[in-house]
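Chemist: Residue numbers (numbering that gives the first Met the number 0), protein chains in the order written: chain A, 0 to 414; chain B, 0 to 292.
To be clear, the hints were calculated from the coordinates, so they are not data collected in a lab.
Hints are not guaranteed to be accurate.
Unchecked claim - Cross-link-like lysine to aspartate or glutamate pairs, in silico, EDC-like; alpha carbons within 16 Å at most: (1) Lys235/A x Glu145/B; (2) Lys183/A x Glu137/B; (3) Lys274/A x Glu332/A; (4) Lys404/A x Asp61/B; (5) Lys143/B x Glu236/A; (6) Lys400/A x Asp216/A; (7) Lys58/A x Asp325/A; (8) Lys404/A x Glu60/B; (9) Lys63/B x Asp408/A.
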Amino acid sequence: MKKIAAFALATSLLLGVTACSSGESTKTTAKDDTITLAVWGSSPAETKGLETTVKSFEKSTGKNVKIEVIQDNFQDALTARFAAKNAPDVFYMESFAAPKFIKSGVLADISDDVKNQDDFYQPVLNSFKDDEGKLFAVPKDYSTLALYVNTDLLEKAGYTMADVPSDWDGLLNFSKTLQGKLAKDQAAMVFDTSMARHMSSLIASGLNPVTAEGKADFTSSPKALDYLQSLIDGHKEGYLKNAKIDLGVDWAGAAFGTNKAVMMIEGNWVLSALKTDYPTVKYEALEAPTVNGNKETMTFTVGYAISKDSKHKKTAVEFINYMTGDGQKQWSELSGTFPTRQSVADAMKLDEDKVLKAHIEGAKYGTVWSSGVNLPVISGAFDNQFLAALNGDKSVKDAMKAAEKEANDEIARQQ
Amino acid sequence: MGNRRYLNFQGYSFMMPALLAILFFTIVPVVYAFFMMFYKVDILSGARTFIGLDNFRKIFEDPKFWASFTNTFRYVLVVVPIQTVIAMALAALLNSKINFSRGFLTIMFIPTLTSSSAMTLIFMWLFNNNGLMANMMEQLFGMKVEFLTNPSLALTVIMAMNIFSTVPHFMVVFLSGLQDIPDSLYEAASLDGANSFKKFLHVTVPQLMPITFYVITMGLVGCFQIFDQAFILSGGTGGPQNSTLTFSLYIYQLAFTSNDMGRATALAFVLGTIIFAVTYIVNKLLKADEVNG
Numbered sequence: 000m001k002k003i004a005a006f007a008l009a010t011s012l013l014l015g016v017t018a019c020s021s022g023e024s025t026k027t028t029a030k031d032d033t034i035t036l037a038v039w040g041s042s043p044a045e046t047k048g049l050e051t052t053v054k055s056f057e058k059s060t061g062k063n064v065k066i067e068v069i070q071d072n073f074q075d076a077l078t079a080r081f082a083a084k085n086a087p088d089v090f091y092m093e094s095f096a097a098p099k100f101i102k103s104g105v106l107a108d109i110s111d112d113v114k115n116q117d118d119f120y121q122p123v124l125n126s127f128k129d130d131e132g133k134l135f136a137v138p139k140d141y142s143t144l145a146l147y148v149n150t151d152l153l154e155k156a157g158y159t160m161a162d163v164p165s166d167w168d169g170l171l172n173f174s175k176t177l178q179g180k181l182a183k184d185q186a187a188m189v190f191d192t193s194m195a196r197h198m199s200s201l202i203a204s205g206l207n208p209v210t211a212e213g214k215a216d217f218t219s220s221p222k223a224l225d226y227l228q229s230l231i232d233g234h235k236e237g238y239l240k241n242a243k244i245d246l247g248v249d250w251a252g253a254a255f256g257t258n259k260a261v262m263m264i265e266g267n268w269v270l271s272a273l274k275t276d277y278p279t280v281k282y283e284a285l286e287a288p289t290v291n292g293n294k295e296t297m298t299f300t301v302g303y304a305i306s307k308d309s310k311h312k313k314t315a316v317e318f319i320n321y322m323t324g325d326g327q328k329q330w331s332e333l334s335g336t337f338p339t340r341q342s343v344a345d346a347m348k349l350d351e352d353k354v355l356k357a358h359i360e361g362a363k364y365g366t367v368w369s370s371g372v373n374l375p376v377i378s379g380a381f382d383n384q385f386l387a388a389l390n391g392d393k394s395v396k397d398a399m400k401a402a403e404k405e406a407n408d409e410i411a412r413q414q
Numbered sequence: 000m001g002n003r004r005y006l007n008f009q010g011y012s013f014m015m016p017a018l019l020a021i022l023f024f025t026i027v028p029v030v031y032a033f034f035m036m037f038y039k040v041d042i043l044s045g046a047r048t049f050i051g052l053d054n055f056r057k058i059f060e061d062p063k064f065w066a067s068f069t070n071t072f073r074y075v076l077v078v079v080p081i082q083t084v085i086a087m088a089l090a091a092l093l094n095s096k097i098n099f100s101r102g103f104l105t106i107m108f109i110p111t112l113t114s115s116s117a118m119t120l121i122f123m124w125l126f127n128n129n130g131l132m133a134n135m136m137e138q139l140f141g142m143k144v145e146f147l148t149n150p151s152l153a154l155t156v157i158m159a160m161n162i163f164s165t166v167p168h169f170m171v172v173f174l175s176g177l178q179d180i181p182d183s184l185y186e187a188a189s190l191d192g193a194n195s196f197k198k199f200l201h202v203t204v205p206q207l208m209p210i211t212f213y214v215i216t217m218g219l220v221g222c223f224q225i226f227d228q229a230f231i232l233s234g235g236t237g238g239p240q241n242s243t244l245t246f247s248l249y250i251y252q253l254a255f256t257s258n259d260m261g262r263a264t265a266l267a268f269v270l271g272t273i274i275f276a277v278t279y280i281v282n283k284l285l286k287a288d289e290v291n292g
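Generate the whole structure from the sequences, applying the supplied hints.
Modeler: This is the structure we're talking about:
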């Protein structure tokens with residue numbers, strides 16, 4: 000009798016396992032008006048903005064949106080979801096990663112579904128198009144880099160905002176003098192070592208790191224090498240410091256907020272942290288410095304994309320049109336991000352705010368962080384080798400040569 | 000005979016949940032990986048084209064593969080012997096009749112209980128260029144050491160971290176082995192006039208051989224698969240200059256960053272072969288089968 004009971008138990012366990020796996024299939028029969036939206040975790044302001052705007056959408060249409068927050072390594076998690084054929088209906092898509100997803104053919108073509116496309120800032124919208132001009136994601140917001148100055152520290156060192164130069168070379172010289180008046184663990188300026196922050200400066204120095212054929216090019220312009228050298232010299236002499244490497248804080252905003260840095264070139268995402276985490280810091284923002292006389296900044300944008308296999312494409316299209324249309328003002332105001340529609344930006348009068356104006360102006364000439372399917376490989380090679388130059392292991396020229404080779408070899412292997 | 004068949008059936012039915020889990024989560028993926036490594040696979044769309052052994056050619060031509068190869072071997076060669084020796088020595092110390100040995104054991108076991116990501120973050124905080132260690136080095140010896148950004152030191156930090164966190168676990172394993180050694184052996188050695196160091200060398204070490212084999216094997220497998228510490232320390236890049244790029248990290252990069260599942264599975268196969276070969280050699284060298292115990 001005992002044995003039979005044990006067998007029954009084992010069988011029921013078995014059935015339990017199968018029952019679990021069959022649970023998945025009920026998803027497909029869910030009501031057509033519920034879509035899933037995958038987002039990454041972000042600041043409390045953005046989370047609140049998203050939840051509120053999604054609620055407005057649900058109220059006005061009667062459809063449901065299930066928000067899934069993926070806390071870490073969003074792209075990797077999303078890739079795994081696609082590999083498992085279990086992709087969310089709608090998800091955030093960075094312009095940087097978009098070409099890869101477009102090339103794989105897993106995003107829905109929404110060229111004809113997005114309303115009033117002329118109203119968007121075109122460079123931002125274009126970063127989600129393929130070579131033939133088909134649209135695969137619609138930008139929800141964007142950020143640009145600007146120069147932030149901690150006015151308390153600046154004045155303590157005996158300067159005013161008028162002393163801060165607007166060109167890169169001038170800014171370096173200024174940082175050099177300023178550093179002499181700071182404590183050892185303070186930096187005149189914090190800088191970032193990744194290509195994402197420097198691509199526009201490289202272009203302003205006559206070098207597009209991604210050639211027309213999609214190959215890497217880091218060496219064809221001596222001026223660009225000079226620019227990179229200026230970063231290395233500044234780091235060596237200590238007036239340029241990296242938040243993570245030299246100051247031991249997570250990111251530039253934290254260094255700036257804890258009065259460890261007088262200046263930083265950062266995106267408007269720092270604003271919510273400065274407001275909530277470091278409310279006592281006084282600061283002003285200027286446009287990012289000119290390089291070789293050219294205005295430059297980086298523009299980062301994130302859009303909404305729809306999975307090609309989504310079973311609720313109609314609702315998904317309705318949703319992204321709402322989020323980037325009627326709902327954009329609400330989203331932008333709550334989250335503190337910049338609207339991608341000119342009409343919304345005009346209605347919000349963003350350029351009347353002194354700090355925001357520095358960022359909004361940048362959108363006019365900013366380089367969008369997106370450049371074909373090979374950009375991740377190319378920027379990865381740059382980031383890897385630029386550190387070697389920064390350590391002094393290699394000269395800038397050797398490091399960039401190595402980066403170029405590393406990237407182009409890998410591109411060839413991926414063909 | 001019929002009774003035996005019934006017993007077999009009964010046994011398998013008890014094992015069924017575990018067998019099914021192993022089948023679906025280990026055997027099927029392994030077989031699938033064998034199949035995928037001959038294809039070029041786009042992980043996003045699942046599209047694949049047969050390319051034969053091309054993935055292996057690409058891997059062996061790739062300087063990043065050789066970088067990960069060197070790093071991983073360097074890592075294994077340093078970490079495994081050191082962690083085994085330290086674990087054995089600490090276990091022997093704790094096994095002798097010192098006071099508060101339970102207390103020491105508890106404290107020493109904490110690093111093993113700490114999650115490796117938390118440990119990595121603590122080490123990053125200790126070793127960054129403005130951190131405790133860097134500042135101490137500067138004050139004591141007047142030299143500025145950049146632990147995390149210097150390619151020749153970044154991996155060393157991970158090594159130290161791993162030794163720190165795995166030693167206690169293996170120490171406990173050794174400790175249980177030590178308590179199985181009969182006292183009569185030590186008595187006999189004492190009668191022969193051996194001092195405590197000689198007793199350790201000629202009684203403890205040989206008697207612990209089966210345990211040592213276990214510790215070395217688990218250490219080897221764990222070290223070859225080192226991933227999380229390198230991932231967190233380098234932010235997933237394996238930098239600076241590929242110095243923290245390990246096999247597993249590179250497999251991950253190939254699959255998720257390069258979108259190339261075929262090459263990732265081919266590299267996983269290479270890694271599996273290496274672990275198998277090394278374990279086999281160690282097994283032969285230590286003659287684990289012949290040791291009594």
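Chemist: Now, for every hint given, state plainly whether the structure supports it.
Modeler: Cross-check of the supplied hints:
no.: 1; hint: Lys235/A x Glu145/B; result: holds, 13 Å
no.: 2; hint: Lys183/A x Glu137/B; result: holds, 13 Å
no.: 3; hint: Lys274/A x Glu332/A; result: holds, 15 Å
no.: 4; hint: Lys404/A x Asp61/B; result: holds, 11 Å
no.: 5; hint: Lys143/B x Glu236/A; result: holds, 14 Å
no.: 6; hint: Lys400/A x Asp216/A; result: holds, 9 Å
no.: 7; hint: Lys58/A x Asp325/A; result: holds, 13 Å
no.: 8; hint: Lys404/A x Glu60/B; result: holds, 13 Å
no.: 9; hint: Lys63/B x Asp408/A; result: holds, 11 Å
Taken one by one, the earlier hints all hold for this structure without exception.
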